[in-house]
Amino acid sequence: MSEIVLEGRNIVRDYHVGGSLFAKAKVVHAVKDVSFTLEKGKTLAIVGESGCGKSTLGRILTLIDPQTSGELLIDGKPINIAKDRITPEMRRKVQIIFQNPYGSLNPRQKIGEVLGEPLLLNTNKTAAERRELAMQMLVKVGLGPEHYNRYPHMFSGGQRQRIAIARALMLSPSLLVLDEPVSALDLSVQAQVLNLLADLQDEFDLTYVFISHDLSVVRYIADEVMVMYYGEVVEYGTREEVFSNPQHSYTKTLFAATPKSDVESIRARLARKKAAA
Amino acid sequence: MALLEIKNLSVGFDTSTGQFMAVQGIDLSVDAREVLAIVGESGSGKSVAMLAVMGLLPKAATVTADSMIFDGHDMLTMSGKQRREIIGRDVAMIFQEPMASLNPCFTVGFQLEEVLRFHMKMDRPTRRKRAIELFKQVGIPAPEERLNSFPHQMSGGQCQRVMIAIAIACNPKLLIADEPTTALDVTIQKQILDLLVSLQAKHGMGLIMITHDMGVVAETADRVIVQYKGRKMEEADVLSLFEAPKSPYTRALLSALPENATGDRLSTVADFMKNEAASAGVAP
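Chains as they are written, first to last, in the numbering used here: chain A, 11 to 287; chain B, 969 to 1252.
Bear in mind the hints are in silico, worked out from the structure with no lab data behind them. Keep in mind that the hints are not guaranteed to be accurate.
Unchecked claim - Coverage of chain B stretches by chain A, computed from C-beta distances (three or more under 8 Å per stretch; other residues unrestricted):
id, stretch
1, 1132-1140
2, 1144-1157
3, 1173-1182
To be verified - In silico EDC-like cross-links for lysine to aspartate or glutamate, where the CA-CA straight-line distance does not exceed 20 Å:
id, chain 1, residue 1, chain 2, residue 2
4, A, Lys-262, B, Asp-1162
5, A, Lys-52, A, Asp-94
6, B, Lys-1197, B, Asp-1162
7, A, Lys-270, B, Asp-1162
8, B, Lys-1158, A, Glu-59
Just so you know, these numbers come straight off a predicted model, no measurement behind them. All C-beta atoms in this analysis are idealised placements derived from N, C-alpha and C, irrespective of residue type, glycine included.
Bound conformation, chain B alone (with noise of 0.2 Å):
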């Protein structure tokens, strides 16, 4: 049975124009021990169908959904309580933005910690030999020191580290990364990547990896779910979307990568969607 299973996923947003369908009809399942990719560009809805799984949505959404069941709890239905109990704890999630997701305020011991008290109920001694445990585990140099150290006292790459070690810190089920290294170097990129797929064959979690980079997608991926305008359109395992891409969409993409431009221009997916629509003798 797979870790996370949804059903025909919808969400609106209520605007002043009428409601905006952000997400519309998405089937997904993640399996344990699977990294899958959902691929598209900014405004696809890729974040919002996770943030809906995850009960994150501001109240002018509309989530809407035949079925979402994580590891036999139903999402849609359960309670707020019990949904704080299985978040941060069973699924886990992490953002684009390090710097951002931290609290400046305090040390990222304390936040660190903060999730062993809530969840995993340990008492100090406990947390804290967990703590540089887990800060060991993502690679952070001098643990000890370093979970005495404020967020804006570290590189992004080494917050992006500590926000890795705060979502592993329950060894959670399911891991949703949302876009891990957009904001990131290639070489710390290559590292965070390496880290999330090596802690991932570890535990044994399952991988939701969203991010609009078509690398990020080869070197990581099991399986890929490319969307569009809120729209899935296409799901393939990762060799056979680069090698055979079905959708139009999914070739468009990929002809943007500057590293498979024939001659001097790059196509664009205006561009292709353009071409493909005459072709088909209809307007886009």
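So here's chain A without its partners, still in its complex pose (with noise of 0.2 Å):
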């Protein structure tokens, strides 16, 4: 059994919902009670509707709000923001990318920035090797030296997510937390962004959580899948158990509504169609 990467162990996160002279103070319990092992070099997605907290927990996984109780260990050590701080070597080792590539890039920052940021920040190197590195990393995610002094807007969707990519992995991380990554995009350029998470993970073996909505692309990227439902998780297992066999009635449902593109699913529509007229 290879390495585990990352290790959640009943994380539960609240969040209280301000009162006011009228109204009274409300919990929302966001994850609730969530566990779960990753290996290293493999793909967790998390599925669900949009409410369900499964970028709540990422934003948990990826260092940006702490837990309200339960335990995170990556690497085997376990971590909480809301106790320690965190070491620049722990923000190195998790990185995330957005949903949104047209929010998620400072408009006024040119790439070569964006990229060289979190080397400024984060280590100790000079502006010539931070410069060199970037512009290595803009080959690897498939845009060239030539967009280095560029702006956000002078790209398009699918060449902004690559840009995304490229910055998350300038530290070289171990784990990606990827929310929604090409949920914004078009269905070409999901295959190119997806063609290319596939080949870095190969790569850097890096270790991706994959949050989405998408049961198609979840079923191509995904090595294990956990469905989460209202801040539950109603269903976990590797993608084999979960796609041929779902358990509970919330995966039955979105397997349902997932469209389905076959040929006879279409003679079946049309015949359904008929027959009503």
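Combine both chains into one complex, guided by the hints.
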């Protein structure tokens, strides 16, 4: 059995929604008692509809938000950012890529600076070294050194997502959290970005946590699948287990809602329509 | 006779580097009671073509066509006043971002009743009644209370339902849905698609579905037009398109679907076009 990169034990996250003079404060349980383990080089997909807590969990894993209770272990070491300071080494291990490539890049920052900034903040590399590394990374994600001095508005959505991926990889992390990385992209651009992610995973031996609501993408990329519903994990297993034999009714609903594009389903739909007319 | 018939539509934009042709010579026709899907990547001109029909393009655009006839009206020569009477009443459009297409300063009820006041000249109590009826039709719970909500108080799926209610308020003959479910979750997407198709069947509307999602096409369309870089690549009924796509571009799009992945890599449209060009012996 290979080494375990990420482990969660009974992770809980509550949000206190502030009361006012007349309204009582409420507690929203965004993530309820989530446990999992993830081995090096594997991909865990977290699936669920908006508001089910999958992004909250992603933020906890990326050390952006603290968990309310429960234990988070990265490379076997427990971390709780509410109590301890995070060292630059910890920060380097986990990086995140967000859904909207239009919103996650600073419009006034050149691409070269975008890529150099993580190194500036977390390492002691010189400007020349940073520049060199940024150039190399641009080539790795399928862009070119000529893009170094351009601004984000000069790129298409797919290219911006490549830049976001490049930025996340600058610190050579071992774990990458991908929060709906392809849902804002077109079908064929989506295919390119998924291919890129697969190549990078092989090259750098990366571990992915892939947050998505698109089951066809999950089926393609994931090794393990976790289905969340209202903050709870309702299904957790290998891809084959979950896709061939879904247990929970919510998982079945999700499967039923995914558009089917095989010829038999189209034929069935047209037949139903004819019968109804 | 077709409900909407367009022959040889071209749309160009004046830019600093000369004219950019977003749509080049598209022919298109939709019948009443038909669901037509227009598929293509972003930048393929699918939205622009429909915006040209609605007359919603900016001044920098030049629209030319041999003919553009909707329900016996010539859309090319009609005045702005005539156009405004038809748009919103006989032709309605739903956009991709429901949050962005509703005005955040007014209640959704006000925005729905505005359409009824302008096009149907209804008085206040009739409008209210019709608005509640429409909200029920699109499946918004507690319509009486929800009419007083502002867009930010509703979820994305609910806002899209409000948009659909506004679009079908005057029983349009043609409904144009521009990526109606792209911003939504799969479960909500399913609900919205089912709603659109059932409303289309019930009212006998023509429905044009603009999308880049082959899954959405498979679930809704009767006939499909595939568009690439402003040109029509293929037109076929939905079954023959999925069974035996004729154009190489359509085959490329279908093979980019993750569920059709063979082996480890997804094939992309760029790969496909390259191979296609290599086998034909010409530069792409």
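Problem - 8 Å C-beta test of the stretch 1144-1157 of chain B against chain A, three or more residues - result: holds (count 5)
Exercise for the section: Given that the stretch 1132-1140 of chain B was listed as covered by chain A, double-check it with a C-beta distance under 8 Å for 3 or more residues. Expected result: Violated, because only 0 residues of the stretch 1132-1140 of chain B bring their Cβ atoms closer than 8 Å to Cβ atoms of chain A.
Practice task
Verify the proposed pairing of Lys-270/A with Asp-1162/B, using a straight-line Cα cut of 20 Å.
Solution key: Since the Cα atoms of Lys-270/A and Asp-1162/B sit roughly 14 Å apart, the hinted pair holds (cutoff 20 Å).
Handout entry: Agreement of Lys-52/A and Asp-94/A with the hint, judged by alpha carbon distance not exceeding 20 Å
Key = The given pair, whose Cα atoms are some 28 Å apart, is violated under the 20 Å limit.
Practice task
Given the hint that Lys-262/A pairs with Asp-1162/B, test it: the Cα-Cα distance must not exceed 20 Å.
Solution key: holds (18 Å)
Practice task
Closer than 8 Å, Cβ to Cβ, for at least three residues: run that test on the stretch 1173-1182 of chain B against chain A and report holds or violated.
Solution key: holds (count 3)
Practice task
Mind checking the alpha carbons of Lys-1158/B and Glu-59/A for me, to see if they're no more than 20 Å apart?
Solution key: holds (12 Å)
Exercise for the section: Compare the distance between the alpha carbons of Lys-1197/B and Asp-1162/B with 20 Å, and conclude whether the hinted pair is satisfied. Expected result: violated (30 Å)
The structure is inconsistent with the numbered hints 1, 5, 6, although it conforms to all the rest.
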